[in-house]
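These protein sequences, in sequence, are chains A and B.
Position 109 (the first sequence) corresponds to 147 in the working numbering; numbering is contiguous.
Position 163 (the second sequence) corresponds to 344 in the working numbering; numbering is contiguous.
If you're looking for bench data, these hints aren't it; they were derived computationally from the structure.
Owing to the predicted nature of the structure, the values given are computational and were not obtained by experimental measurement.
C-beta atoms are modelled at their ideal positions from N, C-alpha and C, and glycine is treated no differently.
Incorrect hints may have been included.
With the C-beta cut set under 10 Å, the calculated list includes, among others, these residues of chain A facing chain B [as the list claims (entries may be wrong)]: (1) N128; (2) Y130; (3) G145.
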Amino acid sequence: MSISAISIQNLSKEFHVPFRREPLRAVKNLSLEVPAGEVYGLLGPNGSGKSTTMKILLGLVSPSAGSSFLFNVNSRHVESRESVGFLPENPYFYKYLTGLETLLFFGKLCGLRGKTLQDKARLMLQTVGLADAADRRLGGYSKGMLQRIGLAQALIGEPRLLVLDEPTAGVDPAGSHEIRDLILQFKAQGITVLLCSHMLNQVQEICDRIGVMNRGELVAEGRLDELLSSPNQTELVLENASPSLLETCARLAAESGARVVENRKPHADLERFFLKITRQKP
Amino acid sequence: MPASPKHSLFSPRRVLALAHNTLLELVRLKVFYFLLLFAFLVIGSSIFTVKFSFQNPLQVLKDIGLGAMSIFSWLLGLLCTAGLLPKDQEDRTLYTILAKPVSRFEYLLGKLSGVFFLLTLAVVLMSVVFAGVLGLREQQEIAAAVQNTPPESLAQEIESIRSAAFQANLLPGILLILLKSLLCSTLTLLLSTIASSSVFTILSSVVIYLIGHVQGIAREAWLGGGETTAVLKVLSASVALVFPDLQLFNVVDEIAVGTALPMALFWQVGGLGLFYILIYFLLAQVVFASREL
Ligand SMILES: Nc1ncnc2c1ncn2[C@@H]1O[C@H](COP(=O)(O)OP(=O)(O)OP(=O)(O)O)[C@@H](O)[C@H]1O
Ligand SMILES: [Mg+2]
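Turn these sequences into a full structure, and let the hints guide you.
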């Protein structure tokens, strides 16, 4: 039997807003299971309750109803956080600490110490590409660098589960690619990942399963390939096709009872273009 | 399902990491520059008191020094503590810390311990400056006495100068000054778990500080005259919980005059201070534990 890394049962959260009679229902009766080893993407428009759900999972916010478990330990208990790494949205750390000091601090909170801690912190800085900025204070870090140190901080306790709230927000495309590759690497190591992002193409590349939230409710959930494939369609990309060939194709298709739905020129997407351009720079 | 990973409910190591971090934060915010003011004040008044001839200048200097130490350590504790929680919450560093296996109790204890370290350090530094200035003045006074006093009364004169200078009997008084500032910062921490803005925290803490200094007198005037009923006693006890009798910690006046602090009084006031700190901290924990972040 596989264990659930995350188990959310009938979770609701109401915020009491000053000067308003009825409470704001940020999460409504949410139930969700993420088996260990899976990469799960939580999607939804702004204000749909994704971050709130994550905060409840980590015991930062207490639910109004329902409960959530991490590896079968209720999120209300501190020990549920032993095996989790969390990257909050727009992370912000102590300005007066350097990158290395930040990781040493969080490492200590995870119970590491001595040489293990030092080595681990250096390794994490390297992993997220901040080795050069290790001795600079975070006050001088850019947004993307803060995001990276946030990721390093989430990883330092060697978690079995990673909860990442918009890990690529503010990170440049190359860095965002690196983070994607990192997540795939974690997945290969068997680490469960709960991810929330507005970068749909990235989510598509790395997630096994997604859930879509809207106004606090889970409105769709399933395996990506199941949700997205149109079983009755096939894509065909041709090179150097003459107009007459295309006409022949369309005719043949019509003869066999099929239909050409769309005829367009594929174009390299902006992200790939951006990466190509910026890679040429020294 | 196998048991969850072992987790110690309380880890001194985590608290120490948090305390160290808080201390580092305050030191890197350069709060110690604040103490330069203290040094200027004490050195300045040392020069100024030369002009007093009708009173022992060392006595005056000691009064000023101890009084300033009391106010500076209180103010330092107040200003440092009031910003701790709001800042962590604003920066969302609170999320990152509490998302680690850190309990809110450990977090709060770590923060407060950091402030305690800082205040202890500050009081030690101030005492060193204070003792140094007093010692210097002592030398000058003795030199002047040697020149101006007739030889038959010289020994007595020097003795009286010595007794007015920095002496070991000041230390219990300085410890109580430190304790008072610790008490006031714990109170400030409690207020900051309740309040939503640090301005409110600072203001209410100042008000309680001021009331705490006059409440002893008020109670005396109020209860001292007529007979005390049980209701009044409970009432005055609850007032005393919110407004600690801070005047008790001002044993400074007596010590400055040269009389040593009775040890029994020292332990009594010290115990009371620790008791208040404990109560305030536990209240802060109760509020913080149930607070929405
Ligand atoms: N502490 C709070 N007090 C009051 N309302 C809150 C609080 N936190 C969140 N909310 C409300 O709950 C709703 C859900 O917010 P949440 O941050 O979970 O959205 P989200 O899905 O993460 O959005 P985004 O994509 O913009 O990050 C919003 O309407 C928000 O205003
Ligand atoms: Mg969000």
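Status of the hints after comparison with the structure:
no. : hint : in the structure
1   : N128 : holds, 7 Å
2   : Y130 : holds, 5 Å
3   : G145 : holds, 9 Å
No hint from the list above goes unmet by this structure.
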